[in-house]
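*Asks:* First to last, the sequence lines map onto chains P and R.
Going by the working numbering, the first sequence opens with residue 1, and the numbers climb by one from there.
Going by the working numbering, the second sequence opens with residue 1001, and the numbers climb by one from there.
Don't take each hint at face value.
[Stated by the list, open to error] Pairs of lysine-lysine residues, derived as DSS-like cross-links and limited to a Cα-Cα distance of at most 25 Å, are as follows: (1) R:K1061 to R:K1032; (2) P:K106 to R:K1061; (3) P:K394 to P:K137; (4) P:K69 to P:K394; (5) P:K106 to R:K1032; (6) P:K69 to P:K106.
Don't read these hints as lab results, they were simulated from the structure.
Computed from a predicted structure; not experimentally measured.
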Amino acid sequence: MSESLHTLTTMPAERRRGCPFDPPAELIEAREHGPISRYVFPDGHQGWLVSGYDLVRAVLADPRFSSRKELMIHHPTIDYSGIEVPPAPPGEFLLMDEPRHGRYRKPLVGKFTVRRMRQLTERVEQITAEHLDAMEKAGPPVDLVTAFAKPIPAIVICELLGVPYEDRGRFQEQIDTFLGGEASDEELIAAYVATQNYLAELVAAKRANPTDDVLSDLMDSDLTDEELRGMALILLSAGFDTTANMLALGTFALLRNPAQLAALRADPTMIDRAVEELLRYLSVAKQFYRVALEDVELGGQTIKAGTMVILSLNTANRDPERFTDPHVLDLNRQEGGHLAFSHGIHQCLGQQLARVEMRVAFPALLNRFPTLRLAVPADEVVLRPESADIYGVKSLPVAWDV
Amino acid sequence: MRISVDAGRCIGSGMCVLTAGEVFDQSEDDGKVVVLRPEPPAESWEAVRRAVDLCPSAALKALA
């Protein structure tokens, strides 16, 4: 059916007004045309946009599609014609294939099992309670992002990795710069240098004085300090930003769906399913990229070797062929299998930690403030731009009855 | 039903433990799948099938 092949020539820069939780209209429309569309990159490269659930999942599971950074020479929104892209630095295993990827991921897997993460429940409850106490003491209105959504996952990942509490603030700022989607090149370079300097200090400190944490445990392996810096960067940035955005945007979504919120308040046993549904509905990690290593048939099209493929996770998680009424937030939804943590060998290493954090933090927040509400009109909540790797709200002013 | 595992493919995501915790566990060392009940009781079959489908690295098979 090549005559009906849909083509996109730009990535949407923003979402439809009043629809902060839905993927941009242009991407939903692309999915309506079919699960795969042509995408013409700004440098002229003829690539693909995969927006349907089955095809996105298939590509994520297929080793013929590479994650190697050095192959991603076309940028979806900026014309970097002729630029040379270096391979991912040692340890930064997100943008690597096997066997390089496994060298870094394998020693971490045993540290992030379901059981180990569940053992952190009590500590997450304590950290959450402390932040709710502080919110209550400060009184409304409070910015939920800075008072709750950011610090809780940040403290948890810092404790897990062994980052001293007093270092958290400066690291948080740098991660915000990387992932916020609005920094200039100069700001990005400055944040990169500062982060590398900090990680070098951190790894050296653990090498000299190992403590009881994941980073210190890795000192027993043959991983070099350079590799450990890269791994720590991936773990900290993933741990800081993703759950934080789920907590804040998730609370916004709950407050905008009062019937669903009431159902969750009435039946706390819904929380596990509710968390999976918020993950599906919000899909804050919205897009990933792959490059075909050989010619691959996909959805009736031939993806030529060397071609870049944009995987649209948020439209896949809203695919009407996979999810009934996909654009409805239904906290009791029974259909599992969302792709919010991706799929295949790169599926989120920290997903079980994220689940524990959300299963603790959402109910604790709702219990503490039975009258929780937005402190500004919904259309004044400031959202991250689509250029951000991770979607979310920049701030979320909330209030409650005192 | 009989469960077969390809440990070489397992990436330790924990999806099987999350989905059918009475049948699957993870090793404390490398996070890989440990099958607690290779021949699970009928009441677990639905959860096992779901776990097989959700496995991100296609490391599990349930042979009916």
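*Asks:* Would you mind confirming whether the straight-line C-alpha gap from P:K69 to P:K106 stays at or under 25 Å?
*Replies:* Within the cut-off at roughly 20 Å; holds.
*Asks:* Given the proposed pairing of P:K394 with P:K137, does the C-alpha separation stay at or below 25 Å?
*Replies:* Status holds; Cα separation ~23 Å.
*Asks:* Next pair to validate is R:K1061 with R:K1032; report whether the Cα-Cα distance is within 25 Å.
*Replies:* holds, 15 Å
*Asks:* For the pair supplied as a hint, P:K106 and R:K1061, is the alpha-carbon distance within the 25 Å limit?
*Replies:* holds, 22 Å
*Asks:* Would the hint linking P:K106 and R:K1032 be met if the CA-CA limit is 25 Å?
*Replies:* holds, 10 Å
*Asks:* P:K69 and P:K394: Cα distance at most 25 Å?
*Replies:* This hinted pair is violated, its Cα atoms lying about 28 Å apart.
Violated hints amount to a single one, hint 4; each of the other numbered hints is respected by the structure.
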